[in-house]
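Engineer: Residue numbers (the working numbering), protein chains in the order written: chain A, 7 to 630; chain B, 114 to 1197.
Rather than coming from a laboratory, the hints here were simulated on the basis of the structure.
Be a bit skeptical, because a hint or two may be false.
What the hints assert, rightly or not - List time: in silico DSS-like cross-link candidates among lysine-lysine, alpha-carbon distance up to 30 Å:
1) B/Lys552 / A/Lys493
2) A/Lys624 / B/Lys984
3) B/Lys605 / B/Lys333
4) A/Lys246 / A/Lys154
A quick note: this is a predicted structure, and the numbers were derived from the prediction, not measured.
If you want the building blocks of each chain, they are given just below.
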Amino acid sequence: MKKFNSKLIIPGAMAVLALSYSCKDYLNRTPVGSLNTIILANKAGVDGLLIGAYSLLDGTYSGQQGNTWMTGTDNWIYGSVAADDAHKGSTPDDQGPAGDIEAYIATSGNGYLDPKWRAMFAGVQRANDVLRELPLVKDGSVSAAYAKEVTAEARFLRAFYQFDLAKLWRNVPYADETVTYDNGNFAIGNPGPVWDKIEADLIAAMADLPATQAEKGRVNKYAAEAFLAKAYMFDHQYAKAQPLLADLINNGVTSSGARYETGFVKHHFADNFNALTKNNQEGVFVIQASVHDGSNGDNGASGGTLNFPSAGPATCCGFFQPSFSFANAFKVDATTGLPLLDTYNDSDIKNDQGIGAGDAFTPYTGTLDPRIDWSIGRRGIPYLDWGIMPGQSWARDQLDGGPYVPIKNTYYQAAQASTSETYEGWAPNQSVANGYNAIRYADVLLWAAEVEIEIGSLDKAQGYVNEVRDRAADQTGWVHTYIDNAKPLGGFTNTPAANYKVGYYGAYAGTNGGTSNPTMGFTAQGKDFARKAVQFERRIELGMEGHRFFDLQRWDGRFGGPMGAGFMATQLNGYLNHEIHVPGFPSDLLNKAHFVQGRSELFPIPISQISLTNGAIKQNEGYN
Amino acid sequence: MLLCCMISSLVVTAQTKHTGKVIGSDDKQPVVGASVRIKGTNTGAVTDVNGEFNLSLSSGNVLVVSYLTYQTKEVTVQGDQYITISLEPANTTLNEVVVTGYQTQRKKDISGAVATVDVTAAKVIPTSSAESLLQGQAAGVTVVESGAPGMGANVFVRGISNFGNSSPLYVVDGVQQGDMRDVNPNDIESISVLKDAGATAIYGVGGGNGVVVITTKKGKQGKTRFTYDAYYGTQRPLGGNPYGVLSSDNFAKLLYQIQPANPLLNGGPQFFDYGYQAGTNVPNSPKGVANAGDPNVDPAKYVLDPNNSANDYQIQKFVKGAGTDWFHALFKPAPMQSHTVSASGANDKNNYYFSLNYLNQQGTLIDTYYKRYQARINSNFSITSGIRVGENLSVYYTESPQGGAGVGGANIPGGNQSEGNSVSYSYRMQPEIPVYDIKGNYGGTWAGLTQLGNAVNPVATQNQQKQDFSRNWVIDGSTYGEIDFLKHFTVKSMVGVNITNYFYNNTGDNPYYSGEGHAIDNNFNTGAGYYSNYNWTNTLQYNQIFGKHSIKAFAGFEAKDALSRTMSAQVNKLFSLDPAYVSIDNGDVKSVIAHGGPGQEYSTLSFFGRLDYIYNDRYILGATIRRDGYSAFFPGRQWGTFPSLSLAWRMSQEDFFKGISWLQDLKLRGSYGTSGFNQNVGGGNAYSSFAPNFGGASYAINGAINSAIGGFYAKQIGNKKTTWETDKIANVGIDASLFNHLDVTAEWFTKTNSNLLDVIVLPATVGGASAPVVNAAEIQNKGVEFSATYHGKIGSDVGFSAGANITSYKNKVTKIASASGYEDKNFQRQNDALARAQVGHPLGEFYGYEVTGYWNTQAEIDAANANAAAKSGKAGTQYQNGNNSGGESLGDFRYRDINGDGVITDADRTFIGNPNPKFTYGINLSATYKGFDIATVLYGSYGGKIYNYTKYWYDFGDTFAGNKSNDLLFNSWTPSNPNAATPKAAAVGSFGTSGSVNSWYVENGSFLKMRSLTLGYTFAANMLKSVGVDKLHIYVQGVNLFTATKYKGLDPELQAVDSNGLGTDIGAYPNNEKRFIFGVNLSF
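With the rest of the complex left out, here is chain B:
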């Protein structure tokens, strides 16, 4: 093929040799492959890799210079021997340089599915986690955010690919890493998302979940530029009564209705005035409820002994009337701010970009925050012609209140909280319980009786975090050297690192305000860890253009290595929790528990290559191959090969399209290939192993009461056959540029992920060791993506642009290895799992009984029971008693008899809702008028279902003592209210009420959010010049001004509980709180 390429070149008749160069007026870079033709002749040339051409010309010749993404220009030849022709860009994005795997390509030359994120539009949303920038900005990317400060987002490229880690691979300035949370949005130059195998296969065994490629800024030619970008704003908690829970008086009414003997009640639908409880050192340890005047609640008796809860005598006054608004005791307005200053510049040879960032997002959930201090230095130097070196370095420090294990990050109680966390406690705390007791200490479930429940005062829990912290020091960066040689070759070697050092301190008070825990000793725990990974990447690149043939090829070698170390320790019974005092040494030495050790080291070796061949600027071929070896698999299963092939045809270059003036570009693309994924397996998976474990494998064999002898237990069953996940992706795409203003891309894909890594549950008879991760299942995602952007102008003053993208995928489990043919996932407090992974159904689909209504009349019950008796042949059989579940009664849910056997049994469970949205979409609109600009970002999700598990806690009279819903009091089933929101209000539950996983919990999770609305003003340049300012832009912004949804919980945007718990609300930190921001962008 090379030979063939060399032959073809335009031949010209000699007059005077002229040399010229074509550059773009926008970036001053050479335009490669531009056509330079002498007007009125067939004589011409195509510019080479340096943008240069040679032609024999006569003075007065008119050159017609055309290149797809630039406006065609005519130049009359004068006497100059060297002509520089500067082309004005056409209004299209085809020339955009897009960063793809290990290289950059012009958008028009790309044959794979690569989405670019409009960073300018994306970064307007104030966020402490940069993954959020992707939301609604790229077709094919689904992003689920959390409102919790510093909490990363769930990002899925083309659906959920597997049972474990479904995150894409992030490549920041060439360094492969697990997230992009702490990249300062102001530092980002570009983000591209690689979606199909044509684009991701170059990342081999790491690319299966898609790849997000981020590049940070470089200095631009010209004088030194300083910028200051800042915003300050306030975040507002959700108003009203977001969970719809009862006031104190109404709660008493409900209790009186369903449980008249409840000892909290003072003879009627009202509470006693006080609750009290004494520790074991107080004679008889009295506890109970009493009215004012009762000697038991004499304030003189009050004792709170922080060092010995046995001496406590606590008294709290119940709140009547509206009661305590726990939600708003927990969620308060909170500020958020970010400041970035940068300096950048460049000359012909060198460039630099330097920035400092301070971010501080306080959470609306009290005492939560995320702070980051960050510096970035990017610099590039041309040492001599053809030799370049450079580095990208980001060093940052983060701080948040709650630490925890987990490499490199604060374990912020974010996304979806469990029943033991503050958001859930906001409805699990009863309204008559005061935040503070009669002496200003915390009130809680401690005083009085069991009927107060076992929730823990969440204000106390949060306040206690004031002195907790997690601190992380992180170095992310890379350095490279690059040499051009033999004209067409470049060799590059890069070392990238990510190094994290963290430590955290957590203190725990004696939770005297907790019903169950008020004798727990205070405690302190601390931990530290180190994590590092590096990748060393070497590539050899070859670029050459022969006439109509453009060849780009590269080959690479890469080595990656990651390791971690952790240490943590915990101690009880400290004399004081003063931050200056707490240390492991200062507690009860006998209670010290320490953990730690080396983490598994993982290494990857890779060889890869890519060829891009373009013929005549219209036929494009891309081929990649990568061979990866990964250490976590057993020798023999370590190496995998990942090829891909992509083809594109720029139809608009063909003659038959030439006449169509409104069509600037039309490209048809197709690709097929494989990539892999290897993250869902641990390094010891291939090996059966044993370990000591002081809790789980030691025994007081000598009969001692305070010591045990250590032993070993079988910890892990090994599987030597386990290997990587394989993703096969077929993709067809169309890119079009129309009317000079409109860019449209549509994609169709099928992605089959086979050999998915998962632990398959084994029968108990194999023993208690952890089952190995095996290649267990296959999932298929099929989808369609569409995006369009339009940039327009009306007159000279009004500019506007509109962008929209839509992502739709269908997820289906196509194989599962377990003996039963399904795996139950997502266990909550209800007996059964909420979701079942089963062949033919999407991952995460809810599974349970289908509720068809309530039992409204005894006649209905009798008829169903008669039918049950008839069908089963056993007299007395009840319809809803197939599993001995107690039968049905009026006001219970009526379940559908799926198998028609007349009785409800486990076999009548069915699939009751798919949490995967049918599609998600983003819309960006912006307009400018003179100095003013207005922009909005909308994001929506349609068709996903939510299992609103929070209702289990407040919509039933029998579930844990806690606050209950207005629905339960005012809109529960009664004979006269058959279309009720909840089953009958009763103190006792049954299989027909709170006792089953069923479709009643399933709600429509569709939503549309106005993520931001920004109004800005740019001051006129001439006004600013006198003060030395180039640009000054100020703006006000509203975030989450509205969320349109039918979902009854706080926010339908729900992070996964775990990788299998999609769309499940177990008390999530909402992400639809309004924020009001004032910001400024200044450069000088």
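This is chain A alone, in the form it adopts within the complex:
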């Protein structure tokens, strides 16, 4: 072996060391697999951020706290379970915090509220990301006109998320695009309602949005206008809402340019709850959902993931079970075909509470509004094309949730393959492509009716309500019996599945053969009756769609509604009192429930947000 001269090697080693010193770039390891505001500073980047802002419309996002069913903008828990539409369902121990919300005993530490609050502010900031990125685009790829429209869409989305916050909590912080981590200005307080800011965003959006869009899911001018009207409804500014609603009724079109459908001749009530017929002429603003799109079920209608019967179309999870009172609301007078506004809850329509799946059962034979069987899955009635709803075996736990199961968010068996997907590997067929109708045309008509009652014409109001009822009267849109009960996929007869009847208020011709009731007109019966009738119509038309709690809140006098203070408490405590006295329905949860006037109209602000802002956020009244 050649003898090394160590004196040669040592300097060599030193040289290597010295060389290493010069590796200045050695520590330069910028993040991989992500984008920054520089890469995004072009039209495609802005478009992508805008899609990202839309994608939170379902209320869920990557890395969110809690679960999708806590944050969905369908507001099944906050809008429907917390009101009188439905029970939480499932078993008492499952989703306990949701039970606390149902029973008005949710505290500021409730496990649902913080995720919901966070999800909506995540949406707000995604919209702000678009607004912050736009000025950084210097490459000429975004025209002034396009920037204007993108700004309008982003402001609409920001308003949407702030609106959802305002509905639950009323006194919420408002975060515009100047609020960032780097600016250190994110610990925002909640000195009061932010309707003015929401309205300003919507006014701006409405001004710059086109009437139609190339893509059905993109917001248009009229959707912004409808939300602005809705904001005015919550803000009790009927005079401002009135012209907007009139414009919508007279001129409104969907994003794809279809005229909002007066008379509803082209589609049925049930089409609003079917993935294959969504975005129809009633879709003022539909939150899009898709399945089998590579997202492992994440883009489905996320809020309702648990809201399926525990057998039948799905195998889990048995949440969101319509209440006895809600079912009773569909009772109609056998002669007039009109709802029993004051007496509907005096007795329960016949149901199979406590009756085994194997025992004989004949459904209720009295007259019902046909919308009941598109709103409630009940025993003995065809459940879409899944067969006759068999009762107890589909209800996860009758003792806790009652005999009814949800249906509006369910898909058809025939379309199961294309409209449903397993959600994140564990909830089979519970991610669905049904869109959620944030605002549908019936909403617009019924707001218009409310406005007319308050500051306009009772006749006009009656007309709007009858327009909605006329659609319900369309027999082709009713639930019909199967040709063969054993083959539910084999089609339907023309025989109604139950004893349906629809009547109109006052003298009304209608197009679908409902009963005209000249003596039951709004003018004849007076303003109070008219209010009650419109409110009841909203209940049965829009039940199980996450609106009821906020409608009651809007009508209650606490924040200026027409029904006077205590209205909501009376309504909901009456509801509770009814439910707990249903024979064979021991729901212990509802037994301890009590709606506290002056407190329960709003949800408690998450305690975590109060402490994270060092108290800048103040708690709503009555909570600690």
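Place chain B on chain A using the hints.
Structural biologist: Showing chain B alone in chain A's frame:
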């Protein structure tokens, strides 16, 4: 100082120049610094770095040669010009060579806190994860093991230092890595644990959590040596009814008592005979329960269609009487074995060590295992005088059933399992549910009703893993070149690497046996990944002794780099799950989901140096400094400097101690310095970033039902100010060697970890992007450590040794940056977090309501409510209703009104138990008599509390349907049983029962385990010689023969749920199962 050193040297009067060398008889290595004195004179010399001395001597002079750790020897000078003096070691460990940061030091020369592990004692415990070797073997090191095969242990050096990764840095043969799980214990030569800044600061930004330095074996001088070390044993599952759950008949009784209308019950406290359920294609999809003879349970109807669950018609027969023993359906005796063969040897210049290892630990949890095949080659060559090269290389392959993401390792369901895993299912499955249905397919929660619960048959889950696997190929190793020059200098350059390649296959059946999942499609997922890191280390070392001055110094430069790549994909609806068929291509192509991409690359640049100066063998100074730059921080925050200074005084060298014959050594040490930690931050943390995400940022903007348009979302908020964690450690230690047999070390330390990296929760208004990791908090650990070992002999036949060590630390959060002043951690199913990190309290301390008993009489309730009404001024106010929680009722927990306002609200929560043990301790005892040897290792932990969350599942009538405890049926609250184990048995829960995090769950987690008891026999050498065998030792061993504890769950030794979930039992794989082992050690 150098000058000063050079001057001092002993001067002698010349007679005849003699040169000599002093060596140790044990290792044949030169003894540096030995005193060589001519008897009766003051003339003498001190040996130099080569052990040599020069003296002018006359024939007949008697030399007195002394060195601390050797017995003093007198040698009469003969005519030889060159004298070699061999010293017999004294019975102390002071001369032990200890591997410290980048160098070796004799134990007596160490000024920092370094614990050495007695590898011989440690490796007797059969383990598939080498971290376990540290348990109870080193003061200052807390090790929490899992019984799951291949599951690494939680190792904390001097307490838990931070909110994230609290593991020490492992340095294996100079290569820095994240764990030591797969180092073959038989290959380990030594393990040292560096604890104080004096020892760890040399690792700078990597050393903050302590450093474990492992060296593997080298060949030893002499003939080629072959060894065979093997053991085979059986692991026995826990016996009895470890969770204390009900038999089937008793469970029916309980249901009948609390829920008489439960549809599972056949009119009284007994179950129906059968359960059945049909898929949606069966008319009316019937499901329910029935007795024999009912047409619904006619076996002729039975269908199980693996390709379409809608056609299924399943029937299962409920088990009455004792019911199904789910625990023992899951846990079965399992074998464990390990075989290592090695060959090693050395000559003057070269040495080598070669070993092969096969390890196979089957888990007692069925269908779990960890297998490892490993080869190691270590070799060192002196190419020429002063130039050496060498390498250490370990190549291994591991296999385990369950794969998963996660670099370099199988994701074995180990430590603490969640509610969705098999251990938890053992109590979540009701006893009347059979393991198999009437046709031999799996039974489960599918048939019948919701009341069966939503647990998944765990036997099915485990069995399904039979064809799952995770395979890892790993190369760990280093190679170096080293040159001595200019007599006192050595330059060394080393490149170390760790390269991991892994892939895994998981298949999932259609879980037809699951209540919630029986329509889920079968699926297959597979993934692969690559991980590599290297460190390139260059050091320049200088050693010189000038008379009484010994100087050791080195300077180094190091570059480290780590990167990873992953790919995984998943597909549903495969025609068959045959292992030969499953592939991503063979499923429903529309369901394919793929993930993958480059991982962040991390790099570190470092410059460091150390000086050890010893004067007169008694005053020791060690100083280190390291400067590190780390890529994950923003430029400007990347570089940190970590200095330390340590001083030691070997008092026993002083004259005033000289006369004390029983004191061989006494050293007082002190150190102060800093090190850092940088692992709890990702590479993108400094930068705000956006990303696409198909689930979270795409939207069907065009209204389609089967496609969505991709978009971007704000993924991460960046923080440019984030920088490393800084650990300041002050340490005082005493080492003593007494009575020639006893070594004692005691340490006191304070360790303040500031700038801790953690994500501070931000208000929602900042948006949904991940909050950045910031320097958020400070934690202080203060502690005391003590260890003692004693080696003794009685006569010539009996030898014995005893070692004990104790580790005690107090952990306290001293700063936290969040606006609220605390961070809630450790969330389970109960509404609130179980733990709260708050200033003044230890990390992981449980936080909730304090239970003072039960509400025993209506009078108590009335009195409390009256007081509540009086204090609040509102009539009707209830004591336990402060948060609208429904008030209290008889048999509920009574919570303490901490703030005295008369009502129980959130504000009445308090700290209810500290999971950090007051101390942990280990005891090793061994004795030999002639050929026999006996040894035991005991390990204990005292004073830590456990939050036994498993009770939430089985001690309440209202929590998820599943089996319940004997306590709930036989010892729950009733008016006549006020001192009950559980609140009243009821089908409905409340804030006063299952609805709160409270002190009732908190149990004493102290334990003492006999980790092993070994009885061995070494055959006499003369017997073996004829067959060519040098040594033959056989042994039998019992592992975990006893665990003394008051804890009611399976095992009080609990791995952290996450870094913040200490001492929480959410269904842990026990680590106290008995094992019986037979082993052999053979060398020839």
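Engineer: For which of the previously enumerated hints does the structure constitute a violation, in increasing order of number?
Structural biologist: none
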